[in-house]
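Colleague: With the sequence shown counted from 1, adding 3 to any position gets you the working numbering.
Among these hints, one or two may not hold up.
As the list claims (entries may be wrong) - Label-pair distances were calculated between CB atoms; the ranges are:
hint: 1; residue 1: 55; residue 2: 83; range: 16 to 22 angstroms
hint: 2; residue 1: 65; residue 2: 22; range: 31 to 37 angstroms
hint: 3; residue 1: 72; residue 2: 6; range: 24 to 30 angstroms
hint: 4; residue 1: 13; residue 2: 54; range: 16 to 22 angstroms
Note that these hints are calculated values from the structure, not bench results. By construction, the Cβ of each residue, glycine as well, lies at the ideal position given by its N, Cα and C atoms.
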Amino acid sequence: MAEEAESMHRQAQAYARHDLETIVLDLARVRTIDTLGLHTIILLYNQLCRNKGELIIENASRELKKRFQLMTIQGRLTISRTGWPCEQEGAAPGQ
Numbered sequence: 004m005a006e007e008a009e010s011m012h013r014q015a016q017a018y019a020r021h022d023l024e025t026i027v028l029d030l031a032r033v034r035t036i037d038t039l040g041l042h043t044i045i046l047l048y049n050q051l052c053r054n055k056g057e058l059i060i061e062n063a064s065r066e067l068k069k070r071f072q073l074m075t076i077q078g079r080l081t082i083s084r085t086g087w088p089c090e091q092e093g094a095a096p097g098q
């Protein structure tokens, strides 16, 4: 697990060196994110913001989406609505 996180972090650092407009993270197989994983996502997010780009997170579990909500990142972070934890079916996030 730690090797995968370190590998992803190295790949993210390599991507962050380029002027990319958009990065899509598909978290379909991810159940939990450790500190290094969160740091990696924030690294990507910050680099993309500097380039006026966007980070799109897709297929995150309900638990991961709650974590992202708690982080209250403002700006160019898009989290797909698939599996969004809502009190009411069909309600928008936070409603």
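Colleague: All hints, please: hold or fail.
Modeller: Each hint, compared with the structure:
no.: 1; hint: 55 / 83: 16 to 22 angstroms; result: holds (21 angstroms)
no.: 2; hint: 65 / 22: 31 to 37 angstroms; result: holds (34 angstroms)
no.: 3; hint: 72 / 6: 24 to 30 angstroms; result: holds (29 angstroms)
no.: 4; hint: 13 / 54: 16 to 22 angstroms; result: holds (20 angstroms)
Against the hints set out earlier in the document, no violation occurs for any number.
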